[in-house]
Structure formats: C-alpha cells, structure tokens
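Kindly generate the complete structure, drawing on both the sequences and the hints.
Listed below are the residues making up each chain.
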Amino acid sequence: MPGGALKTERQAGDSRVLEIEDLRIEFETGAQAVPVLDGVSLDIGSGETVCLVGESGSGKTVTALAIARLLPCPPARYAGGRILVNGRDVLRMSARELRTIRGRVVSYVFQDPAVALNPVLRAGAQVRETLALHRPEAAHNDEVISLLRWVGIPAPELRIRDYPHQLSGGMQQRLMLAMALASHPRLLVADEPTTALDVTIQAQILELLRALRRQLNMSVLLITHNLGLVGEIADRVVVLYAGQIIEEAPARELLSRPRHPYTRALMKSVPELGRDAPRLDAIPGSVPRLGDWPAGCRFHPRCPMARPDCSREAPALASVAPHQRVRCRFWDHAP
Amino acid sequence: MSLLSVRSLSIRFPVHRGWWRAPSRFVHAVDDVSFDLAAGETVGLVGESGCGKTTLGRAVVRLIAPTAGAIEFGGIDLASLKPGQLRPVRRRLQMIFQDPFGSLNPCLTVGQIIGEALDIHGLARTRTARRARVGALLDHVGLAPADARRYPREFSGGQRQRIGIARALAVEPELIVCDEPVSALDVSVQAQVVNLLHDLQREHGLAYLFIAHDLALIEHLSRRILVMYLGRVVEAGDTKAVCRAPAHPYTQALLSAVPRLDPSANQRRIVLTGEVPSPITPPSGCRFHPRCPMAEPRCRHAVPALGEISSGRWAACHLVGAGNRMAMLECLV
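Read top to bottom, the protein sequences are chains A and B.
Each residue of the first sequence is one higher than the one before, starting from 616 at the first, in our numbering.
Each residue of the second sequence is one higher than the one before, starting from 163 at the first, in our numbering.
Read the hints as simulated data drawn from the structure, not as lab findings.
For glycine and all other residues, C-beta sits at the position ideal for the given N, C-alpha and C.
Do not rely on the hints blindly, as some may be mistaken.
Label pairs and their calculated CB-CB ranges [as the list claims (entries may be wrong)]: (1) R431(B) <-> L685(A): 32 to 38 Å; (2) S170(B) <-> L831(A): 30 to 36 Å; (3) R249(B) <-> A929(A): 52 to 58 Å; (4) H463(B) <-> V730(A): 54 to 60 Å; (5) E458(B) <-> R776(A): 31 to 37 Å; (6) R890(A) <-> G202(B): 20 to 26 Å; (7) G660(A) <-> R462(B): 45 to 51 Å; (8) R254(B) <-> R829(A): 55 to 61 Å.
In silico DMTMM-like cross-links for lysine to aspartate or glutamate, where the CA-CA straight-line distance does not exceed 25 Å [unchecked claim]: (9) K402(B) <-> E342(B); (10) K883(A) <-> E316(B); (11) K883(A) <-> D376(B); (12) K402(B) <-> D896(A); (13) K883(A) <-> D424(B); (14) K402(B) <-> D376(B).
Written out as structure tokens, the structure is:
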C-alpha cells in the first residue's frame with residue numbers, strides 16, 4: 616500500500632496531523648503551466664489552530680483544497696512535494712483511500728455556505744447524509760438534532776425540515792459546521808468561514824469555533840485575508856504572498872513584532888479603531904497576477920525597504936527564531 | 163446651511179405573493195430616518211447587512227423613490243422631482259459602487275465609460291476637449307491617460323475602482339455617495355483607494371455619504387457617524403466620541419465585535435445572541451430588544467425615539483441616561 620511505510624515512520628510519538636512539504640502546484644492553461652504554489656511547507660500539530668493569511672491569488676485556497684486533493688486535475692497539477700495527513704501521503708493515495716480521508720479525517724467549511732449547501736435537500740437530510748457516510752450507526756434524526764443544537768442552531772427539531780434558503784447566512788454556516796464536525800474530524804479546514812457574514816455573526820462563529828476546538832481537541836487550519844482574525848483564534852500564523860510563504864510565526868509574536876516588510880505594511884495599511892492618523896500607509900501597486908510574478912523577491916516592486924539586490928536574488932525562507940521563519944534578507948533592518 | 167437634508171425618510175418595498183394579489187406585506191427597509199450633511203463633510207453610515215444602509219444611499223441619489231419623507235439637496239426636494247427634472251441635479255450628486263466588476267460596462271473602453279458622463283451632461287464640446295478631460299481625470303485618480311483606450315477587464319480591482327471614481331468626478335459633483343467602495347478590494351490596495359478619496363475631498367471640497375460595515379474605516383474617514391439597525395438610526399454623533407464611548411447597546415456590541423490587530427487591546431466582548439430579524443416583520447417596540455443584553459419589559463412595547471443625549475450625540479434607547487450612562491463613564495475613564 617503506498618504510504619504504508621510512512622505510516623510506521625510516523626507512529627513514534629508524532630502528533631502532527633498535517634505536514635505539507637515543499638508543495639508545488641501548477642495550473643495548465645493551454646500550452647503553458649502557470650505555477651500557483653511554489654514550495655509551500657507547513658505543519659499543524661494536534662489541537663493546534665493555524666491561520667493562513669493571504670490576499671487573492673496568494674495561493675491560500677489552493678493550499679486548502681490540496682490537503683484532501685480536491686483540486687480538479689486538469690487544470691491543476693501537483694508538480695512536487697508531499698502532503699502528509701496523519702503521516703500518510705495524500706498525493707499517492709488511490710481514490711478509495713482518499714475517501715477514507717475526505718470528510719472523515721479532514722473536513723471543510725467554505726466561504727459561501729449558500730453555494731456549498733445543496734439547495735434541494737432539507738437541512739436535516741444534508742447532515743444525515745454526512746453521518747451515513749462516516750458514522751452510519753449514528754445516521755438518525757436524534758443525532759442530527761443534537762449536532763445542530765451543538766453548533767448553536769435554535770429549535771433544531773423544526774430547523775431540520777428547512778431548506779438552506781430558509782436559513783440566514785449565519786445559520787447556514789452553522790449547518791456547514793455541523794456537517795463538517797459530524798464525522799469528528801482531526802483537522803478542520805475553514806476557508807474564509809466568516810467573510811460572507813456580518814461582524815456580530817462573525818463574533819458568534821469564532822466563539823463557536825473556539826469552544827468546539829477545545830471540546831474535540833481538533834486541529835484547525837483557518838484561511839483568511841483578515842489579519843484581525845489572527846489575534847482572535849490562531850496559535851500560529853503563516854503569511855502567503857504570490858504562492859510562497861513569506862513569514863511564519865506564533866500569533867502573538869507576529870502581531871506584536873511582524874518581521875517581513877509585507878506583513879508590516881499590511882498591518883499598517885488597515886485602519887484600526889482608536890488610532891488617529893490623517894492618512895493610511897498604503898502599499899503601492901497591486902497584488903501580482905498569477906504567472907506574472909516578479910523576479911527575485913516577489914514583493915520587491917511594492918516593498919518600502921527594497922534594495923537593488925532584491926530584484927535579482929530570490930530570498931530563502933530562513934529561520935530567525937524558534938518557530939519563526941521569514942523570507943527576507945533584511946528582516947532585522949529597521950523599516 | 164446643509165447641503166443634504168433628509169427628513170423622516172421611509173422606504174418600503176412590497177412583497178408580492180402571486181401577481182393577482184395586492185401586496186399585503188412590506189419590507190421596511192428604511193424607517194423614519196433624518197440627518198443632515200454639510201458641504202465638504204463626510205458622514206459615515208454603518209450597519210450590518212439588511213439594515214437599510216444601501217437603500218438609504220440609493221434613495222439619496224434617487225435611484226430608489228422614497229415611500230415617505232423628504233430628501234432636500236441644495237434646497238431642492240429630490241423626492242418630488244420627475245425623472246426629466248433629475249438630470250441637472252444628478253450632475254451635482256454621484257455614486258461610487260461596491261462592486262468594481264459589476265459597475266463598469268465591459269463592452270466600453272475606459273475612455274467611453276468616463277466620456278459618457280461628460281456627454282450626458284454636455285460638459286465637453288469637442289472630441290479633443292473630451293479626450294483631454296478624460297486623460298486629466300485618469301491622471302487625477304492615479305491611472306495613465308493612455309488607459310482610456312483599454313477595457314475594464316484589463317485592470318485589477320483597485321484600478322477599476324479608480325475608474326469608477328474618475329467617472330463620478332467627471333461631472334464635478336458636490337456630493338458622492340460611496341457604497342462600500344473598498345470592501346471588494348484586496349486588503350493591501352484598500353488603503354490606496356481610501357487615501358485617494360481623502361485627497362480628492364480636500365482638493366475639491368467634496369461631501370461624502372460613506373456607507374460601510376467596517377467601523378474602523380468609518381472612524382478613519384468620517385467626522386460624524388450614523389449607526390443603523392433594521393432600517394432605523396439607533397445612534398448618531400461625532401465619530402470619535404461614538405467609537406470611544408458608544409451609548410446604544412447595539413453600537414457597543416458592534417464595536418466590541420471588531421477584531422483587533424493589537425493583542426493588548428483587551429476588550430470586553432459582547433457577543434450578541436440571535437440574528438438580525440426580518441425587516442418584513444420587525445420586532446415591536448425597540449427593534450433591537452430581542453438581541454439586547456440589557457432589554458427591559460418596556461423595550462418590548464415602546465418605540466424609543468432618537469433623542470439628544472448630549473450636545474450633538476443622539477441615541478434611540480430607553481436605557482440611555484440611566485444604567486447605560488454608567489457603562490459610558492466606565493469606557494471614558
């Protein structure tokens with residue numbers, strides 16, 4: 616069985632749920648292959664919450680989908696690297712093995728629950744379907760109702776008869792969470808789970824995620840463009856820019872002392888309550904398009920600290936402290 | 163004198179249940195809203211989805227006809243104008259939309275998009291004058307005059323929003339309604355557009371009605387703020403004062419829910435229970451009472467009026483002045 620050897624290797628006291636090593640993904644467009652992820656490595660320990668922060672086109676959603684090999688191939692192509700879930704390489708699994716991972720070990724919650732839910736199935740039926748696949752002995756209405764109650768849906772006995780369009784955005788996202796958690800997964804991948812929601816509902820969902828994570832000792836990979844969420848929920852943060860990790864640090868460390876010029880600039884560019892500034896420190900230019908990444912350091916055209924070297928030599932992701940990596944050769948220079 | 167003065171504005175949309183029946187129910191999108199906006203001033207309008215902020219913004223430029231109330235712009239009542247009479251007023255009144263992809267015609271070049279505004283209002287007599295004006299406008303918003311020949315699809319989101327801003331500026335308006343102008347943009351580009359709006363205001367003395375759900379952004383841009391909940395204004399006043407010491411329980415909850423970058427900003431979090439009720443059947447009394455952590459029996463029956471609680475500070479809550487004042491003082495210390 617492919618990956619079998621790896622499994623025994625990993626059994627010796629390793630509690631890492633997910634390990635991504637040097638992952639490269641390309642999208643084939645006609646004759647050429649456009650790189651989307653360029654050597655991404657990250658791991659998540661048991662019970663840990665990691666935030667993957669990036670803007671559009673940085674590769675954060677592609678990373679998320681790659682974990683359970685959900686990217687359609689073609690156009691996507693796994694060009695290199697390994698993705699170990701519970702120590703087994705997802706990229707070498709057969710379709711049958713993948714089914715034992717998807718939804719059972721790794722569950723997903725997506726940004727737009729209105730699109731992710733099946734519009735012609737009642738809420739209860741959708742949760743029951745998940746249960747039938749992963750915990751057939753529990754596929755009955757009592758379990759569905761207790762799951763819905765668990766994620767904070769009021770009057771679940773009535774709500775199971777509702778169609779998704781009869782539920783509000785916040786309730787739809789709770790329903791998605793109930794489906795994702797029905798199988799007691801080890802890793803929950805939440806791709807912008809609160810972006811489509813209002814701030815007061817966002818606060819409710821984050822509160823719920825925190826509570827569930829504690830109860831289940833589940834690992835969470837939270838994908839967001841909003842650095843503000845990092846302080847709310849993350850243990851560790853990974854910042855992506857143009858298909859590469861540019862900074863990785865414990866959440867508190869990153870928020871109080873961001874090292875990479877991009878992270879610093881991003882934090883300074885968003886207005887914050889109670890801060891008095893006539894103008895915002897804007898980052899010039901725009902996010903580079905896919906396949907149009909600058910040579911050298913990919914942030915150099917927009918970087919306030921860029922030097923002539925930066926356009927020629929691509930910096931490596933270097934360790935600067937325990938658990939802290941930065942892709943900038945001048946990270947310790949004052950901005 | 164104020165440039166824009168909105169008085170007791172209400173907007174209802176009928177809910178049709180079958181084409182042969184007269185509508186029996188209504189969406190109460192905006193209910194009895196009044197405010198003033200002076201020339202060159204920015205008023206921020208904040209609230210969650212469904213609170214009626216976009217409807218209010220659209221009514222101000224008369225894209226939606228109000229059900230009741232008056233919208234006076236420069237002494238003219240927009241609510242009573244006929245479509246033909248609107249055009250000269252619209253020259254002084256423009257709008258920037260949220261979606262930079264949906265708000266630009268994909269079949270027209272950038273030059274045609276901006277030039278259309280000039281043509282409609284007869285602002286460029288010759289083709290050379292038109293081209294020069296379009297070029298100057300593009301330059302003004304940080305694009306190149308040569309971009310006039312390109313199509314919207316060739317631009318990034320931030321650049322497209324600049325095109326939308328250039329189109330609004332083309333007719334030299336006095337008031338621009340900005341409906342979530344940066345929320346669809348990448349985080350790293352938002353600040354550019356915010357700064358551009360800020361600079362244009364100072365140069366041209368523009369007034370903005372700035373609609374957003376992001377309180378921090380509103381605090382940054384606007385001197386005065388209106389907080390809306392389910393079609394009503396629940397709190398209004400100086401932005402800094404409202405953000406420092408919110409009086410209405412809803413504003414307090416909204417502010418406490420904003421995720422902070424600074425981990426030491428140790429805030430008291432108020433997590434509201436439940437969701438925004440349907441504007442078709444809004445709750446009786448205070449519309450916030452089913453979710454309000456401080457609700458009292460009277461909140462269920464009596465509608466709180468928007469009353470002045472201190473100079474220039476308005477709140478619609480029965481409790482402001484009593485227990486809530488304590489919470490306010492606590493925040494002030």
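- Hints not upheld, ascending by number: Violated hints: 2, 4 and 10; rest satisfied.
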